[in-house]
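> Order-wise, the sequence lines are chains A and B.
Just so it is clear: in the first sequence, position 101 is 101 by our numbering, and no numbers are missing.
With positions in the second sequence counted from 1, the corresponding number in our numbering is that position plus 1000.
In case anyone wonders, no lab produced these hints; they're calculated from the structure.
A hint or two may mislead.
Claimed, not checked - To spell it out: a stretch of chain A is covered by chain B in this simulated footprint if at least three of its residues, at any positions, have a beta carbon under 8 Å from a beta carbon of chain B; those stretches are:
| hint | stretch |
| --- | --- |
| 1 | 2-15 |
| 2 | 80-91 |
Unchecked claim - Stretch by stretch, here's where chain A covers chain B in the computed footprint (C-beta under 8 Å, at least three residues):
| hint | stretch |
| --- | --- |
| 3 | 1123-1135 |
| 4 | 1144-1150 |
Virtual Cβ for every residue (Gly too), placed ideally from N, Cα, C.
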Amino acid sequence: MTERPLPTITPETRHFWEGTRAGELRLQRCAGCGDAYFPPRPFCPSCGSAEVTIFRASGRATLYSYVIHQRPAPGFVPPYSIAVVQLEEGPRMMTNIVQVAQTPEALQLDMPLEVVFERMSDDISLPFFRPAGRSA
Amino acid sequence: MKPGSIAIVGAAETTELGVIPHMSQIQLHADCARNALRDAGLKAADIDGLACAGEVPTNVAHYLGITPKWVDGTAVGGCSFMLHVRHAAAAISARLCTTVLITHGESGRSRIGAQPRTILPASLQGQFEAPFGILGPPTMFTIPVLRYLKTYGNTQEQLAMVAVVQREWAAKNPRAMMKDPVTVDDVLASRMIAYPFRLFMCCLVTDGGGALILASAERAKDFPQRPVYILGTGESVETPMISQMADFTSSRAFRVSGKQAFESAGIRHADVDHLMIYDAFAHLPLYGLEDLGFVGRGEAAAFIAERRTAPGGELPLNTNGGGLSYTHTGMYGMFALQETVRQVRGTAPAQVKDVQVAVCHGVGGMFGASGTIVMADRRP
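Whenever a hint applies, use it, and build me the whole structure from the sequences.
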């Protein structure tokens, strides 16, 4: 296998992947306790309420933590970052930091980031993050 | 389970350890199981309870010729065996069975008869982590550490010191795979795997196994070995996705499991003579020392650097050399338990003097699960 593994969409995650395809980062928010959460599920993991809504997140985040992988992986050329970002709305998600040198010097914790989407297949566009404040 | 009411009456590892290409995974289970039966003076027919991970209990029962009336196939990663000990103690206490065999066998290096490692693309991890280039534990377990280091102002040199100290313990252990001394500079000069983790900060990948036999403490005198009593136990799980670990500087599963174990054992930290903390990577003893409450948050790196856990230190930690230097088949928790049993029996290669109370703490998945066992050389 030489290609990046892609998700198989499930009923509970469809809105998220439809969102990335449309250029939107979609999260869910609980009407009961107000918490925004990720990954998707049709109930709130904090309070259990099924009254949840889907909303478009700002796409703004900060770099929470990461590693820079030095070995080849299917679909990747090392070195590449595997990162967890802190979304402005609260949840965290795994991603790759793109459009920046893959070095400890360039990748500073808490640096501001913004989401970008890259089409991988007809069904799947992946959300990546790049340093904030650059024009596309 | 009443503290001290259940005992470990048999314990053994596989005859060989490290690189065993002439043995399949199921045979590794059998090899250590047969060694543990011999250690306890038992036959397979004497076993009426079976727990294992990596292979389902059906496979191991059939292969060994065991007819269990209680089985546990809990598989939450490398600490599964801590959970098996806990569940077995409860089962024996509830009189569901009398004599439990727990086995681990893994052809982690040679991959003979081992199941393929896959992430289902429809699972949450398959959808929300796999597309970003994760490739085994070195790319996942390691992710929280930069946040940890920044939060507490710790350095990569301090992280390297964990590996240095554990190599000192390994040097005393003839069965350890890596015995040559290393310095902080050696660790920091070893090959970069996933920044900031270098080769010597990552566990070994080996073949091997281990098995335990548990029975009620009332029967313990009927067995040839010095009994090792179960004082307290704990377990928990958090998340299958490292990205969703609630706090990157502390493991909820560690805290929940450790607290249960200490409280059920009725011990305080000052009572602990010997400690094992599952070290798949160099940061795990830092999280373990803090989440179990041996030191305050952010104090573990200095504690280790001050040689408090090293040979001669006040809290001997990972005295077999750990996953970093002794062995690491993939689910190392069984080897941590084996070392705790040896230390309490007084038969360890790097024997700590007069171990009365010992704590063995495991991790499963990528901070996804935890199990903690408190053992003692006598009943309270």
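> Of the numbered hints stated previously, which ones are contradicted by the structure, given in increasing order?
Those not satisfied: there are none.
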